[in-house]
Amino acid sequence: MNIDPSLLQVIEESCHRFGESQDRVLEQMQLITAALQSSEIDKWLIPLGVGFVSAVAGAMAAYLFSRLQWRITQRQNALSAGATELLSLITQLEDLVVNFWLVDASSMAGPVLHGDQLKIKSLLMLTIRYSRGLKSVKMTESHKASADRLAVLVSDIYDLATGDDFESPHRKASNPTAVKLATQCAEARSSVHKLLHF
Amino acid sequence: MDPSGRFYSDDSGASGEQFREEHLLPALQNLQPGEKIIVILDDGPESYGSSFLTEGFAGIVKYGYMEARPLLDALEIEYTDPDYEFFEKKIKKYISEAKFASKDYKSTK
Chain C
1 MNIDPSLLQV IEESCHRFGE SQDRVLEQMQ LITAALQSSE IDKWLIPLGV GFVSAVAGAM
61 AAYLFSRLQW RITQRQNALS AGATELLSLI TQLEDLVVNF WLVDASSMAG PVLHGDQLKI
121 KSLLMLTIRY SRGLKSVKMT ESHKASADRL AVLVSDIYDL ATGDDFESPH RKASNPTAVK
181 LATQCAEARS SVHKLLHF
Chain R
1001 MDPSGRFYSD DSGASGEQFR EEHLLPALQN LQPGEKIIVI LDDGPESYGS SFLTEGFAGI
1061 VKYGYMEARP LLDALEIEYT DPDYEFFEKK IKKYISEAKF ASKDYKSTK
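Sequence order for the protein chains is C and R.
Under this note's numbering, think of the first position of the first sequence as 1, with each following residue one higher.
Under this note's numbering, think of the first position of the second sequence as 1001, with each following residue one higher.
Treat each hint with caution, since some may be false.
With a straight-line Cα cutoff of 25 Å, these simulated SDA-like cross-link-like pairs (lysine to any residue) come out [stated by the list, open to error]: (1) R:LYS1109 - C:ALA105; (2) R:LYS1090 - R:PHE1019; (3) C:LYS144 - R:LYS1089; (4) C:LYS135 - R:ILE1077.
The hints are simulated quantities; they were obtained by calculation from the structure and are not laboratory data.
Could you put together the complete structure from these sequences and hints?
See the structure below:
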């Protein structure tokens, strides 16, 4: 069989190039394997990991902060609502008890006298309820001191306002009792105001 | 009828004096060893005045019927509404602070 020599040369060159290509592929694979095994990977993986952890920690911190903020706001709202109601109750109670103790029972018409006695007891009951309700609200030490002082004042106001001849038709006006009640109610209002300052 | 007033003479029909003389004192006198008087505070009354509570409970000590400690031991104060804890504390305080036999009792009936 006669083969053209130029064709043989082409075949030889092709085989040689194929061998070269194979060698190059092998070289590239060895380089990639070496790179994967080397610390070069760690050098860019570590910053990536740190970045990821920082992002998660940042998100967690933001979540915890907003949750804390929400709880503080909730607490302030609960305290503020209770204190506002107490302020209104004490103001009404003050008007009623002071005027009640400034006049003799005999100078008041029967239904008015009885009505005022009932109103005083009802307002005191509500004041006791709201004052007690404050204890369930978590508060700062200074707010707690104001709430404790308020509880003592409410107790004293109860003793004084409904004591002596409170429900007697023979009750005599008592200026000292009215003055004490006015003072205690004013102090109670002041304690409530302190609860409204955050 | 809501408890109100200190004395019979207050014409409330449910004064502290009446409660003490007609209910609490007879119950105490009939109390057997180991027994207690159960006082339920919130089974009707909306509130109590301190004049009623002082006369009704502390009057037992003030008029010399019984000393404060055995009276406190004989009473079992109950309520379901937590607001009435205030009145329980008041009753106990008035009894504890009362001076034994410091006054002679004269009925105002």
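Structure-based check of each hint:
1. R:LYS1109 - C:ALA105: 20 Å, holds
2. R:LYS1090 - R:PHE1019: 17 Å, holds
3. C:LYS144 - R:LYS1089: With a Cα-Cα distance of about 21 Å, the restraint between LYS144 (chain C) and LYS1089 (chain R) holds, given a limit of 25 Å.
4. C:LYS135 - R:ILE1077: 22 Å, holds
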